[in-house]
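Novice: If you follow the hints, you should be able to join the two separate chains into one complex; please do so.
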Amino acid sequence: MSYLPRKLTAPMAVASLLGALSLADITSADGHAMSTYGPFPVTLKGYTGSKTNSVSYTGQIARHVLHDSIKKLAGKGDGGGNAASMEAEMMAYYAGSKKNKAIIAPADKGVFNFKQETLNEISSGKNLSGKTYKGMINGWPGQMTGPEVITSMIKHAAQTKGGFDPSTGYNYPQLISKFTMGAVSYNQAVNNYLAGKLAADSKPNSKPYKDGVHYTGKEHSWDEAFGYWGAAAHSLNLTSKQNYDIAKMKDLDAADANGDGMVDLKSEYNFGHAYYGSAFDKGGKTNYFNTITKAFIDGRMVITNAAGENLSDAERAELVALAGVIGENWQKIIAEAVFKYAGSVYKDINALKEEMAAGTDTAKTFAKYGKHWGELKGFALALQTGNTNLGETAVRLNRLTGFGPVTMNASQVTGMDSQGNYIKDEAKSWEEYQLHMLKIQKLMIEQFGVAAQNNNQLDQMSALADQMGDSDSAEND
Amino acid sequence: MVIQDFGISFIELFLDPRKRIYLGYLLCAFAIALFWLKFFKKLSIAQAFSKIFDKKVFFSTSSKSDLKVYFINRMFTFFISPLLLTQIIVATFLFNQLLKIEWLSPASGYAVSKSFVVITYTSTVFLLDDFTKYIVHRWMHKFPILWALHKVHHTAEQLTPITIFRTHPLEGIVFSLRSAFTQGLAISFFFYFFGSSVSLVTVLGANVLVFAFNVCGSNLRHSHIGIQYWSWLEYILISPAQHQLHHSIAEEHYDKNFGATLAVWDWVFGSLHHSIDTDSLVLGVKTEDVNDHQSIYSLYILPIVDMGEAMKEFLWTIVNFRLKITQKVKRRDNA
Numbered sequence: 138m139s140y141l142p143r144k145l146t147a148p149m150a151v152a153s154l155l156g157a158l159s160l161a162d163i164t165s166a167d168g169h170a171m172s173t174y175g176p177f178p179v180t181l182k183g184y185t186g187s188k189t190n191s192v193s194y195t196g197q198i199a200r201h202v203l204h205d206s207i208k209k210l211a212g213k214g215d216g217g218g219n220a221a222s223m224e225a226e227m228m229a230y231y232a233g234s235k236k237n238k239a240i241i242a243p244a245d246k247g248v249f250n251f252k253q254e255t256l257n258e259i260s261s262g263k264n265l266s267g268k269t270y271k272g273m274i275n276g277w278p279g280q281m282t283g284p285e286v287i288t289s290m291i292k293h294a295a296q297t298k299g300g301f302d303p304s305t306g307y308n309y310p311q312l313i314s315k316f317t318m319g320a321v322s323y324n325q326a327v328n329n330y331l332a333g334k335l336a337a338d339s340k341p342n343s344k345p346y347k348d349g350v351h352y353t354g355k356e357h358s359w360d361e362a363f364g365y366w367g368a369a370a371h372s373l374n375l376t377s378k379q380n381y382d383i384a385k386m387k388d389l390d391a392a393d394a395n396g397d398g399m400v401d402l403k404s405e406y407n408f409g410h411a412y413y414g415s416a417f418d419k420g421g422k423t424n425y426f427n428t429i430t431k432a433f434i435d436g437r438m439v440i441t442n443a444a445g446e447n448l449s450d451a452e453r454a455e456l457v458a459l460a461g462v463i464g465e466n467w468q469k470i471i472a473e474a475v476f477k478y479a480g481s482v483y484k485d486i487n488a489l490k491e492e493m494a495a496g497t498d499t500a501k502t503f504a505k506y507g508k509h510w511g512e513l514k515g516f517a518l519a520l521q522t523g524n525t526n527l528g529e530t531a532v533r534l535n536r537l538t539g540f541g542p543v544t545m546n547a548s549q550v551t552g553m554d555s556q557g558n559y560i561k562d563e564a565k566s567w568e569e570y571q572l573h574m575l576k577i578q579k580l581m582i583e584q585f586g587v588a589a590q591n592n593n594q595l596d597q598m599s600a601l602a603d604q605m606g607d608s609d610s611a612e613n614d
Numbered sequence: 486m487v488i489q490d491f492g493i494s495f496i497e498l499f500l501d502p503r504k505r506i507y508l509g510y511l512l513c514a515f516a517i518a519l520f521w522l523k524f525f526k527k528l529s530i531a532q533a534f535s536k537i538f539d540k541k542v543f544f545s546t547s548s549k550s551d552l553k554v555y556f557i558n559r560m561f562t563f564f565i566s567p568l569l570l571t572q573i574i575v576a577t578f579l580f581n582q583l584l585k586i587e588w589l590s591p592a593s594g595y596a597v598s599k600s601f602v603v604i605t606y607t608s609t610v611f612l613l614d615d616f617t618k619y620i621v622h623r624w625m626h627k628f629p630i631l632w633a634l635h636k637v638h639h640t641a642e643q644l645t646p647i648t649i650f651r652t653h654p655l656e657g658i659v660f661s662l663r664s665a666f667t668q669g670l671a672i673s674f675f676f677y678f679f680g681s682s683v684s685l686v687t688v689l690g691a692n693v694l695v696f697a698f699n700v701c702g703s704n705l706r707h708s709h710i711g712i713q714y715w716s717w718l719e720y721i722l723i724s725p726a727q728h729q730l731h732h733s734i735a736e737e738h739y740d741k742n743f744g745a746t747l748a749v750w751d752w753v754f755g756s757l758h759h760s761i762d763t764d765s766l767v768l769g770v771k772t773e774d775v776n777d778h779q780s781i782y783s784l785y786i787l788p789i790v791d792m793g794e795a796m797k798e799f800l801w802t803i804v805n806f807r808l809k810i811t812q813k814v815k816r817r818d819n820a
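Which chain is which? The protein sequence lines are G and F, in order.
For the first sequence, the numbering used here assigns the number 138 to the initial residue and increments by one for each residue that follows.
For the second sequence, the numbering used here assigns the number 486 to the initial residue and increments by one for each residue that follows.
The hints are all genuine.
Subject to a maximum C-alpha distance of 25 angstroms in a straight line, what follows is the list of computed SDA-like cross-link-like pairs (lysine to any residue):
hint, chain 1, residue 1, chain 2, residue 2
1, G, 565, F, 681
2, G, 484, G, 501
3, G, 565, F, 678
Ranges between beta-carbon positions, derived for each pair:
hint, chain 1, residue 1, chain 2, residue 2, range
4, F, 630, G, 422, 42 to 52 angstroms
5, F, 693, G, 582, 33 to 43 angstroms
6, F, 568, G, 582, 19 to 29 angstroms
7, G, 596, F, 630, 34 to 44 angstroms
8, G, 596, F, 809, 53 to 63 angstroms
Stretch by stretch, here's where chain F covers chain G in the computed footprint (C-beta under 8 angstroms, at least three residues):
hint, segment
9, 559-570
10, 573-583
Everything labelled a hint here was simulated from the structure, so no lab data went into it.
Yeah, the Cβ is synthetic: ideal placement off N, Cα and C, and Gly gets one too.
Chain F extracted, bound-state conformation (with noise of 0.2 angstroms):
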């Protein structure tokens, strides 16, 4: 019963405007890799198909582990969704804060209308939930024992739009906890000065920046369609080739474009990277002693082990630290 209820849920995810690969998001974005094959590449429109249908890709062994995890991270979400803080939870207790606070109070009505409360609103949601995820992501990277379980997204060989699944339960207790603060940050402030006047724009249910987003071919981030934009473009947008490289296994590569959306953060942070041709591109993630990057074993328990190592080395340098510290102190002492 349960199991069959996640497949229904599987499912429900291309059926739901708000989901990233609904159905029609993924049309939009086969409409952008034919009109690119054709236009771009110069390839028939049967080469096209057979490009962006490529068999290699979908029934690789990296794209079963991406349905994998996903069906395995359902049954650990079962069990602990009810249990994480939401952006409601998040969101009260920030109002109850700022209700405390006796001088502060709510700007004038008379100053701002409504619209202009909604389209704040709208936009400040879409750019806080894109900064945060930069950041985390720049945090997943930059932190061996975060590093652990980012891993596992990387370990994709092949790149679809269910890569985005593949992510380690832990993670996804991290990004969980990052959209409950966001959302709930954004809700309790604009609730407080704006009352209700604060709405979302939305199409379809969802959040019209990121329905524009999804609309504007979001899927192909994942994908083996390299679709590079003008130089100029890719320092605001992130292009699906400049992603595709941040999952390729060369060094020089390493830690660029870790934006979602916009690559003002990575243009602005330092961390940009232009897109290149992507058929060059290996991805993946280059280690020595795991051979077989799809298996349960280095999907899930790996990452563990990995993170418990990444903590015992971050503790070890902290003892060393305080180590060299009094040492230091005592040499002085000495003289």
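If we strip away everything but chain G, and leave its shape as in the complex, we get (with noise of 0.2 angstroms):
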């Protein structure tokens, strides 16, 4: 499944601090250095054409908007009259549509206007489907693959009423959203494009993409990688706020580079997995966007640099240790979000537990907990689709969030039958579920070294400690 071979890391961390240390030395074409994503001149030998930038990644963009979409429909089923549409309308977003499709999202917010419409404007023909993670998903009943995990989910979130469903407590929009950016987005930049076509025998420097395009392969190779990260061309010269602030529409004038009033989908907004890690990186205990982005921008700069010339093994060695530090530096955001969500399930049980207790109404809270238990799910799967082999940390991943979560029956989805139903078994005890939760932010701590860590419920005991008090007191009674 790796390209990378992981023995590789070390090697690879240290060559990518030195080719960050070297980073001041990468200037673009007119001696300054780079914070944006662009424009790059075009260096492809013997092109004759009129175009003057060689970045090209749109067709990366038009599938980030197929996600947001398809987020959006999987929450408008309105419990089984409309399933058939709905399922036929967002697989067209999935699996691609010979019509020019509306975007559905990002839409419109007060001033926040986007200057498309359709998906044509901004890359046609383009699908989920065919650039799915194809192996194994092991955390989902089923025994199925990337596409068919996608296409069954979508096929329950059309039945749904909102996308939820109380009966198993999946929340088919977080579901099907946060697995899709990893199945999708990550896995096509760290299995594909930051890895196979970093080769030298892959899609050379010397040579176009294909036929009749202005950019090379090795340039477009990597600006397909930045298109699916999702940041804004601009984002680096921006703050963390101002980066989350875009992606959440409140914020025109830093999404709006150009000052044409709009914000361009193609080069001005932040999706995916950049938009999260914006949103850790506000804390102040990381700073992962901007490593990322700053990597994309350097190893873009040192293709530039080969003028149109097959890269050199220095030059390739220099793409592919920035590239180490662009996949170590993914796989922490998705753990971060992993470690996140874990936080929010176990502190929305205790709310459950508290409305039980007191013979309240659940609905409400249920209805949180099962979305917050769907970006939990979404995200443990998504870090199973990158370049490494998770090993037994996957396993322990997948065993301690379980197929589906505790539900208000003392019920959890424990499998699935042979027409895609599921099968429900007894549950786990609510106290024994939030223990989980508690050792999947454990584990995020122990194999990722997640830094952020928002929604700490580890950090209950620190509480308790300092509601003793001092234990340093030298008193004799």
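Specialist: Written out as structure tokens, the structure is:
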């Protein structure tokens, strides 16, 4: 599964450090250090056309939009009445459509207006199904591949009211969204464009990516990986808070780099895991967003500076090192999200227990719990679609999360029958399941070194210790 | 600057309800003492005041030494404290060990209410704390190596609430470890089994039971006001007079009343002694070779010298024991 051997991680980290240190030397053709992803000049030998910018990743932006739109559609079911049409509509966005489909999300919000309204304005003929992780998804019932899991989720989502199934606790918009972000974007970037396509004999820099285009093989491979990352081209010049607010459609000024009063989805918006990176970074403990975005810009400069010649071994080694930095930090962002939502699930169970004890209605809290669990599960599955074989960590993560959340009638999904229906059995106790959430948080710290640690429930022990007061008093009773 | 900080932190002790000598607790102790002297000892209010604020006690060399030890210890604590094991380190370690036990799982939340968890936790913390204080205090008296340190506390010839600080810094480390272990144990187990339901019942930030103990005159333990409880109550709670008897120089009072709050531990383990009229008690430590118990040498250096002696003696005992065994084996083999 992994193109980059795990044993190379340490040398890659060292090389990446060296690469980062030499960053100051990497400059644009006119001698300036770059802080935006493009424009980069056309370097393709023999190109006679009129294009001046070799950057192109509109296909990836189209896929982010497909993803955002499916997430929105997954919450539109009316409980079965419109199931067939909803499933067909979602599949049109997932598997692709000949029609020029409307962009359902992201949609205009107040003054935050987008330049594009249909998919073909970004890129035509794109789908997600062809780019979804093809391996087995062990953390989801049914022993299915990535595309099969998403197709199955879409089918079930169409049957629900508002995307939530109270009998299983599944929130499909979240499950589909968080898993797809990993299975498509993360997977394509780290398993394909930042892996196999960096090899000397794959997509060489001395040739066009494909016949008739104005960019080289390596330029476009790197651009596509950046597109999947999802950051706005000018995002490195902004703060974490600004980048976060762009994704939340709250800061038009920060997003609108060219000042035309509109947000160009192709270059001015933060999608996918880039948004999550900024969300964690704004806490001040991490710097995932800038680290990754800078590595992408640095890598693109290495390719641009090769001026249309094939990359030397040293240049490729530099790209491999930067790809290592990108992959490692990207993985951490997903692990941070797993950590955060395990904490949310823990807190939701507390709220549910209080409501159960008081005998009040639990429906609203249970739906919130299902939403957080969907995010937890989606990110947990996404984490397993990268270029690292997680081995025992994946097994533990899947077992601790389970196939489904503990539901109000003390049942839990334990499998799937041959018809694609979920099988349920007796669930773990709420306390045991909460303990699983703590174990997941601990696992993310130990295996991925997550540092933002949003929603840290293990901190509660510190609070209990604080309640006790100092333990260093030297008094004789 | 540092000296100034120490002065401020000393004043803060009187303002922190989680500390024994919090002003409120001292006022409670004063009120109880006044009540005792007026209604049980039949003194006039003026006489009671004069007895409570006895200059001979508060301005004695012993009491001045208590204060001296407090300030010198603060300097030790300043450097040692960051190196000490804290309750959160112990709690995290134990919690992680519990997580590794596959067959162990928390009880069902339906069985217990949050109030049950909170009450059980608060009581357990208090009982565990009091019991481990009893055990460690007992060890302090029973093992010569530890007695060498604890003796510093017992060389006080007058008791005032400040005497609690008359502690050798090495003994302070032992107390700190006890506290970290006890609290870490309670936190980790309760958090494992009951998660975020766990919380302490507190009053002014202090454990409600510790608060109650302090309001009920805990400061009178180290005082010259020998309040005695009813005989039956002294099986359950240590009265001030019982603790003052613990400080008595008389041999028949040696190794009695180790308890901090509860007397039940002394009762169960056979070290309970009911209180007597404390006017007849002489407090301190009977030794032949040290005339001045209040000097810096006696308070800080001598305990370490004594500890070394005790350690030497202990090692000799082991060596002699092994020699005896070897000789016995040889004799048996020869026979």
